[in-house]
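Student: Make a model of the complete structure from these sequences and hints.
Order-wise, the sequence lines are chains A and B. Our numbering applies: residue 4 is where the first sequence begins, and numbers increase by one. Our numbering applies: residue 15 is where the second sequence begins, and numbers increase by one.
Everything labelled a hint here was simulated from the structure, so no lab data went into it. Backbone N, C-alpha and C fix where the C-beta goes; we use that ideal spot for every residue, glycine too. Hints are supplied without guarantee of correctness; some may be wrong.
The calculated BS3-like cross-link candidates involving lysine-lysine, where the alpha carbons are at most 30 Å apart (straight line), are [unchecked claim]:
id, chain 1, residue 1, chain 2, residue 2
1, A, LYS263, B, LYS785
2, B, LYS68, B, LYS561
3, B, LYS653, A, LYS255
4, B, LYS393, B, LYS296
5, B, LYS493, A, LYS167
6, A, LYS263, B, LYS580
7, A, LYS263, B, LYS784
8, A, LYS263, B, LYS493
9, A, LYS294, A, LYS118
10, A, LYS263, B, LYS653
11, A, LYS255, B, LYS580
Stretches of chain B that chain A covers, calculated by requiring three or more beta carbons in the stretch to come under 8 Å of a beta carbon on chain A [as the list claims (entries may be wrong)]:
id, segment
12, 642-655
13, 682-694
14, 777-790
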Amino acid sequence: MKSSHIASLQTIGLILFSILILFFYSCEPEIVTKIDIPEEDPKLSVSAYLIPSDTIHQIYIGKSKPHNVPTDESWEVENAVATISDGSTTVTLTKAGLGYYQFSQDDLEIVPGKKYQFSAYAPGFKQSVHSSCVVPALFDPKLEVTSIDTVTTSEMTSWAVNFKIMDNPGTVDFYRIVGTMEFIDTTTFEIIHMPMSPAQPRFSMFDDAGRDGAWIPLRFDGYNYEWMGQGSGLKLVSINIDVLRTDEPYYKFHYPFVVKQYYPDDNPFTEPVIIFSNITNGYGVFCSAVKKSYRFQQ
Amino acid sequence: MPYSRYALYLGVILFVSLASSLNNPARSQRFTISGHMVESEGKETIPGVNIFLKGTSTGTISNNYGFYSISPMKDTVEIVYSFIGYAPQNIRFFLHRDTVIDITLNPIRLETFVVTAETNTPISTENRMSVVSVPIRQIQEIPALLGEKDVFKVLQLMPGVQSGGEGTSGLYVRGGGPDQNLIILDDALVYNAFHLFGFFSLFNGDALKSVELSKGGFPARFGGRLSSVVEMQMKDGSRKGYHGEAGIGLISSRLMLEGPIIKDKASFIVSGRRTYLDVLAKPFIPDGISAGYYFYDLNAKLNYEISPRDRVYVSGYFGRDKFNVGEETDWDEFQAGMFWQNATTTGRWNHIFNPRLFTNTSLIYSTYRFNVFFSQFEKEKLMLDLDYISDIEDVSIKSDWEYSPTPNHLIRAGLLVTYHTFRPSAVVLKAMDIDEYTFKVRRLFSFENGLYVEDELRLGDRFKANVGIRLSHFTTRDKQYFNPEPRLMASWMLADDFSAKLSYAHMTQYVHLISNSGLSLPTDLWVPTTENIAPQQSQQVAAGLAKDLIPLGLNVSLEGYYKYSKNVLGYSEGASFLMFEDPESTEEVKWEDNVTQGQGWSYGAEFLLQRKFGAFTGWIGYTLSWTQLQFDEVNNGDKFFAKYDRRNDISVVGIYKLNDKFTFSGTWVYGTGNAINLPTAEYPVIPHNAEMSEWLNWTREIPSYGAKNSQRMEPYHRMDLSARYTKKLPKYERTIEFSVFNLYNRKNPYFYFLDQDYDPNTGQWMNVVKKISIFPVIPSISLNFKF
Chain A
4 MKSSHIASLQ TIGLILFSIL ILFFYSCEPE IVTKIDIPEE DPKLSVSAYL IPSDTIHQIY
64 IGKSKPHNVP TDESWEVENA VATISDGSTT VTLTKAGLGY YQFSQDDLEI VPGKKYQFSA
124 YAPGFKQSVH SSCVVPALFD PKLEVTSIDT VTTSEMTSWA VNFKIMDNPG TVDFYRIVGT
184 MEFIDTTTFE IIHMPMSPAQ PRFSMFDDAG RDGAWIPLRF DGYNYEWMGQ GSGLKLVSIN
244 IDVLRTDEPY YKFHYPFVVK QYYPDDNPFT EPVIIFSNIT NGYGVFCSAV KKSYRFQQ
Chain B
15 MPYSRYALYL GVILFVSLAS SLNNPARSQR FTISGHMVES EGKETIPGVN IFLKGTSTGT
75 ISNNYGFYSI SPMKDTVEIV YSFIGYAPQN IRFFLHRDTV IDITLNPIRL ETFVVTAETN
135 TPISTENRMS VVSVPIRQIQ EIPALLGEKD VFKVLQLMPG VQSGGEGTSG LYVRGGGPDQ
195 NLIILDDALV YNAFHLFGFF SLFNGDALKS VELSKGGFPA RFGGRLSSVV EMQMKDGSRK
255 GYHGEAGIGL ISSRLMLEGP IIKDKASFIV SGRRTYLDVL AKPFIPDGIS AGYYFYDLNA
315 KLNYEISPRD RVYVSGYFGR DKFNVGEETD WDEFQAGMFW QNATTTGRWN HIFNPRLFTN
375 TSLIYSTYRF NVFFSQFEKE KLMLDLDYIS DIEDVSIKSD WEYSPTPNHL IRAGLLVTYH
435 TFRPSAVVLK AMDIDEYTFK VRRLFSFENG LYVEDELRLG DRFKANVGIR LSHFTTRDKQ
495 YFNPEPRLMA SWMLADDFSA KLSYAHMTQY VHLISNSGLS LPTDLWVPTT ENIAPQQSQQ
555 VAAGLAKDLI PLGLNVSLEG YYKYSKNVLG YSEGASFLMF EDPESTEEVK WEDNVTQGQG
615 WSYGAEFLLQ RKFGAFTGWI GYTLSWTQLQ FDEVNNGDKF FAKYDRRNDI SVVGIYKLND
675 KFTFSGTWVY GTGNAINLPT AEYPVIPHNA EMSEWLNWTR EIPSYGAKNS QRMEPYHRMD
735 LSARYTKKLP KYERTIEFSV FNLYNRKNPY FYFLDQDYDP NTGQWMNVVK KISIFPVIPS
795 ISLNFKF
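Tutor: Right under this line is the structure:
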């Protein structure tokens, strides 16, 4: 092919490519004013978890920012008045830091099987918020460790702990499982706790649908982090497993965070996540769980 | 069980109708006229030709292979053969024995055509409803994005059919999703029918003979999807001489060649298309960097007439999209990209046992594969090599039988057996610090079977019906599903050119598409029904009126429909299906945890005014519709409008053929904006830190969306125009087409997102909604040759 022909083809290619690039100039974002987004007033947002074994109960209260409110306002509510009641005793929570409010078990005992009501209001908000929950009944599930597999390399030691718990028959149950490993530093004799990870995300939170009263097999993995320089001289003392029996609001609210590892992003093509809430006139959750701890000495 | 009762009723109906037709005393004395419909230019067979006894409403239509069979009640008859774009033929017969006659139809110059009752393919007398048939010639004349003619984009201009979004080819039919369309090319099922992330469909109009879309009233011979059937037949190839077509467009070029292998016995057709964006972009990419995107597709077909009673066809399609990017320096190198490809192969054998009994047997292979790759080297040493694969493979055998014992009955029966192999995802990872990590989701194998029988029957002069039943069966691991699917289509002639129609269809879908993007992306996974995922099912009732305005050459139809679906597949909130970042966390058959099943309701009305021939052709379509979904796990269990719920949808299409040289065409579309979610507020929460985990100890700013899909995009509207100039030269014909997409530069939204902008008046940052539009006014030019 003659060089002039090649030059002509290159010119045509350049023109076509330039036209294509020009055509797609409108990918530049444009502000839209024709979308009818409902306007709403700021609301209180509550994060409250009642666990009978806790001695201090902390509750976080923040506020929502409607889309028409400046984004640089703070999230926390500093002047809220929050109360919790078991029907006969009502306590007003005290401030415990920016957005945090608390009461102690001495002020109001959180008892398994009992119903609690929560309410809060703050100046500047049109509506107070309220909610209630029933703390799950105490339970004592059977838990058996079926195997502990240890793998040691030059960089670290890892443990795979296979265990199973027996679901309580005849009830609808929701579970959250937490695993930790307790080490002792053989040099300083300091006790160190390291979290274990579920082998699959759904091992850390699940319900008993379809397996009522059955053994539920689980696996958690842990490492001594020697490869990071933190585990040198660490000796495993125990494997600790906490089984939380939660109420339904706790389960529904946490499932996206714990199992789906949800974190809000801007991807316009993914299905939006609607986070569960049981707060009337507001956002967030008021919920509860009871905890049973197991310790396997090594 | 109600289904078995339906099956019993329909079985009884079919048995009675078959028995009555066989017991008719006149049957033994009646003779049959049968044969193939062929066109004069290339001897291609013509499906869908109207064949009727003059002066009556008795008739039939040629099947997909151009075969027809009719057994008149009288000895002396005049038969009219008519088809859009061809001169009708009237032939008188004196029947004293069974007669085989192949009828050749000649194309005509449309602008000089005189509209008569015989040539205006009437819709009032058709025993079908909710069917859209677009002549291939019309598809070539309608303006298209970047000049790329697209069958699916033309179908989107019909009432009851919508696109999912700006520029995309996905079909949303009567509230159904794009996975609920049965897309068949020469009997082979096509899974991912799109190029370039859904902007173009796979199907190259040069290779197609016919395209037909059914939105409801499905005959029993179709099954496996809930919402529509798109049936396409590839051209057979000219038996008379060698011909070709070529086209050069803004982003692609194409070439089609056809001709006889053995004159009047065997022929071939080959058609290909390839984009050259990658080639055009190459000079502008710096040294050491590689990047590009292309797609191509290839259609090929052979046919051979072994004897007057036997014909065989072998056809195939192969198409591939590839996107890649890479960089190479003295020290390191990386290559990344993805490709996705479809392939189908169909072998078919037509056999005519006798003039009343026609059979076709097909052996079909279809596959779709998606692959993502990434590799990194340092000084030629492999650092990382990742392959993500998902694919589906089908092998099917199909047998269809057509028996026309009397003019009042056309009985079809058949069987389809498909062996599916699914691999929803597999990851192979090699890295410097691990030898090789292979994660493979277990392959899933299943059989999908369908057995059907239907009778196209006539009772008197005014009533016609198609009554049928399909028995579908699906096996997966240890579970089997069996579903009877009754079908009914009936029409009643209220006058010679006016009819009322009614249809009912029960459909079952065993294969599902998982996607959380709402787009037709190659990352979408095809997955089977399993023990945990039940088949999707729908029941649709449609009623309508059809009127032919013969002097004007117009057809008018009005249809209303109601569709209820159950076990509809939805995506769990926040679901994601690709796990590139941490393949080890991908569980086996994880997709089952990411989906949820619920119910769907679609209802609406469709109006169509259409003129199919003459100098001025086109249509006006209007759809009023509602589509709602409900899933226990989504939107707190409340009903919500589907993303593609569209209250009003209008399309106007006009094609004006000024003379042999100039053709002008234009389209205008309007649609209510898609239902979307935009956050109305954000609020902070801190999850319970039961695990002493830093991950859970943060304050999360959660968007509050209110009710799901409670907001709307701006309405979509757009006008396209095109002008074609054709010049006939001694050895070839040349056509130059100039078209403008989105003439008035409407900035239709592709998607919206929330952003923050600084407000200088208040000195504060504010949330704002922004939109991305991708297609402004786009002129294009293309050059086509026919030789």
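Student: Work down the list of hints and note, for each, if the structure agrees.
Tutor: Outcome of the hint check:
| no. | hint | result |
| --- | --- | --- |
| 1 | A:LYS263 - B:LYS785 | 28 Å, holds |
| 2 | B:LYS68 - B:LYS561 | 20 Å, holds |
| 3 | B:LYS653 - A:LYS255 | 19 Å, holds |
| 4 | B:LYS393 - B:LYS296 | 26 Å, holds |
| 5 | B:LYS493 - A:LYS167 | 28 Å, holds |
| 6 | A:LYS263 - B:LYS580 | 26 Å, holds |
| 7 | A:LYS263 - B:LYS784 | 28 Å, holds |
| 8 | A:LYS263 - B:LYS493 | 29 Å, holds |
| 9 | A:LYS294 - A:LYS118 | 17 Å, holds |
| 10 | A:LYS263 - B:LYS653 | 24 Å, holds |
| 11 | A:LYS255 - B:LYS580 | 25 Å, holds |
| 12 | 642-655 | holds (count 3) |
| 13 | 682-694 | holds (count 4) |
| 14 | 777-790 | holds (count 13) |
In terms of the numbered hints stated before, the structure departs from none.
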